[in-house]
Amino acid sequence: MDQRHIRNFSIIAHIDHGKSTLADRLIEVTGALSSREMAPQVLDSMDLERERGITIKAQAVRLLYQHEGETYELNLIDTPGHVDFTYEVSRALQACEGALLVVDAAQGVEAQTLANLYLALEHDLAIVPIINKIDLPSADPERVMEELMEIGLDGTEAVPVSAKQGIGIDRVLAEVVAAVPPPRGDADGPFRALIFDSRFDSYKGVLVYIRVVDGRLKVGDRIRFMATSKEFQVTEMGVFGPHPVPVDHLDTGEVGFFAAQIKTVQDTRVGDTVTGAENPARVPLPGYRPAQPMVYSGLYPVDSADYGRLREALEKLQLNDAALTFEPETSAALGFGFRAGFLGLLHMEVIQERLEREYDLTLITTAPNVVYQVTLVSGEVIRVDNPALLPPAGDIQTIEEPVVEASIITPSDYIGAVMELAQERRGIYLNLTYLDNLRAMLTYRLPLGEIMYDFFDQLKSRTRGYASLDYQLAGLEAADLVRMDILLNGEVVDALSTIVHRDRAYQKGRALAEKLRELIPRQMFEVPIQAAVGARVIARETVKALRKDVLAKCYGGDITRKRKLLEKQKEGKRRMKSVGSVEIPQEAFMAILRVED
Amino acid sequence: MSAWGLYVHIPFCQARCTYCDFNTVTGMSADDHRRYRDALIREWEGELLVDGPLVSIFFGGGTPSLVDASHLTAVVEAVDRRVGGLSETVEITVETNPGTVTPKKLRSLIQGGVNRLSIGAQALQNHHLLALNRIHNVDAIKETVAMARAEGFRNISLDAIYGLPSQTLQEWQETVDGLLMLKPDHLSLYALMVEGGTPLKNQLDRGEKTLPDGDLTADMADWAEGRLTEAGLLPYEISNFARPGHESRHNRLYWQLEPYLALGAGAHAYCSGHRWWNVRGVRRYMEFLEAGQDPMDQEEWLDPIEEMREYLWLGLRQRKGVSPRAFVDRFGVDPREAFGGVWEAVAREGLVALDEGRIQLTRRGRDLANLVARALVDAPIEVHMPHS
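Note that the protein sequences, when read in sequence, are chains A and B. Reminder that position 11 of the first sequence reads as 11 in this note's numbering, one-by-one numbering, no gaps. Reminder that position 11 of the second sequence reads as 608 in this note's numbering, one-by-one numbering, no gaps.
No lab work stands behind these hints: they were computed from the structure. For every residue, glycine included, the Cβ atom is placed at its ideal position computed from N, Cα and C. There is no bait here: all hints are sound.
Derived BS3-like pairs: lysine-lysine, alpha-carbon spacing no greater than 30 Å straight-line: (1) K460/A <-> K164/A; (2) K917/B <-> K562/A; (3) K780/B <-> K548/A; (4) K798/B <-> K548/A; (5) K562/A <-> K806/B; (6) K806/B <-> K548/A; (7) K570/A <-> K806/B; (8) K798/B <-> K544/A; (9) K917/B <-> K570/A; (10) K798/B <-> K562/A; (11) K798/B <-> K568/A; (12) K917/B <-> K568/A; (13) K564/A <-> K806/B; (14) K568/A <-> K806/B; (15) K564/A <-> K798/B.
Quick look at which bits of chain B chain A covers, simulated, 3 or more residues with Cβ under 8 Å: (16) 786–796; (17) 851–864; (18) 904–916.
Make a model of the complete structure from these sequences and hints.
Below, the structure written as structure tokens:
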């Protein structure tokens, strides 16, 4: 395809503003799929993603669009819609020259709208504003136009659309052709392409999704990944329409995928540059950084015999997920398991759910934590990704924790409530700006560890669901942090240790001990629960001994049913972990997440 | 040769209690009652009898006392004919709901051979009876017991439930004391069990009612056991108390895994490791028999190991526990040997002990009988079974 007839673009939007529906409509209108074939939201290919209404892995679709007598190749590159995957989003955007910024006609500009816009502007993308859901009774496109002006876009140029009703879709396509520049790039130069995604296919090996920046890639070419220096021979190439269609080459500016008998996505890092092995480019494309886990948690099989299966399952998941890391770890309480690193909480939940669902494992997951950078008195600097491994207080000079810069957009009425929440979470106020006379944007610096838990839920509940949140990492900051241990029956349960701010230790300790008392069922003997910082006990609760556990009635007609009931109860017990003589249910290890402030 | 019993299910009720998940129907006619009686007798005529003496007939429900007494006595007569004459010592029980009997009905029952009444009192506060959708009030309970005595019943059992929504300890004490004043020979005191699909479960789920907590319910149970023991009604099973010699013969069959046949919709029978039960639907049950077909719905076969487990966890519900000798006679192995590590574990935890040559739950074990039952219900058993 003539470079001048290619347009590469993404759709960016706040969650639920209609990104996927618009994508579906574009695919349908350009005839890539018949409407009968359209499963809702075809770009979200994993069941789990669809269930959760989120897109985790980007995909690209080639649309052929006839416009004023010419055929255009429009490559729609999908972006993950969650803050855990900001880096993946930035790589997908780097593969584009333009972006459709979709704003809900009733909701207006939200935190993610802004965050995505800034990200797109960083990549010099042409922005096509779209006001979606104009069919809604509560739609107020005039107001949204003003908000767009407020954030520096020409609101009058925004395309009014109802993706659901199919209104305005042709205008969107025409705007893509008119507003998004064709790709630049040296068609005769050495081959260079950006990897913006990859996924493992059990038949073909890894499928590498690329945007060709310079030169051409053909089936049979030998290629090299510049970050890992690994070389492979391209066995197959294709584009998605959205069903995969084989092609024998991809030219400058084009988007597609190739397979090269690659065994693991660890070799094909998102953001890395692919070049030809024979005539390599000298400089890689800018912006690559290896995936950096932000959140860690311990994964332990309830049945220690499943350790091997857990490792195999993690290895298999890692084939398709370069951001997942894991290392063997031993807990005095839980035995052998792994400390796994994730991009964020959502990534963690998805992995845990897949391990349980697809690999049929019953797991104990410890509460997630961030990575701390600890400077010891000796001057040595260590990384601590497991609270139980924090050195004794006397050995520590400083502890630094990751912080984020968070933007919160809220109706003005709730500014006070949001500020209160941010303060409770040790937030540092940075800025307040008004988007219009009804809504404002607050900016705070917050410890990542404080917003990881239920910050978003709290934000939603304190603003009646109106506030939106986006954040970006903003380095490390020293804080007065201590390790809080939990003792059951007088024994420290290492898997329940957490790192908390000293000023909040009492409050957290009390709340956690109380939560554990609710979650740990009564046992044959009384179980004291203590929270301690160092040698000092700061909270104490007791799970009273079980007094009665009997089946009141058991007569002739009932015996089979009662036997099944007993067996079922026993199955429930098997899902608990025995630590010392105490049986602890899985959810107790996540109790800290459920502690209310 | 083995002593055996007969259970006869009468599914009819005037109204359904909020906690009940038994196989019951309301709103059936007198004609239906007659049809059902005929079906019971027809089922009985087709039963394969157990080799041994029949020791008990138990009419359970539902509300057996709701139907005409002649229907029940007709079944007793049919049984009498086929076994070649019922012995005087056979226990014949009818579950009775206060408010469904008259002196005349009770007289017919006693003349027809019924010698034991099990009366569902449940509570002695009208607001609790009303809340449970019982059809009677407190006075009807007292009146029913008085009528039964007057007509000559010498073996009367009363049922009550504790742990009712909003029930206080004091109310429960009133109930137990009030029932004792009626001089029952036998008492069944049940902790309320909330079953799925019952109106009570829905009321609790919706937050309209709340149950007393586990500690209060435990206090109720402990207090009642002390009070009854003082009054000479000794606990012989987890929920059952009797004046010595008035323990229910019928229920012992269940806990000792002895054979019992069963007639009626949804009724369960057991004999030598074979358990089977009839279709639940009352009309379907009748139609099967009227068409000359077997009303059996499903069955299960326990292998000797499963039978051993059931024998032990059921047997331990009884205060007297299980005799290792009887166990050896039945299964050819000592239970302590058969249950090996599991037995040792529950003994080490102080839940079971050997007392006067019998395996029994300890005081703590009786409180935590389910812990023991759960340990036994699928315990690995490593013995070489004698060839059978």
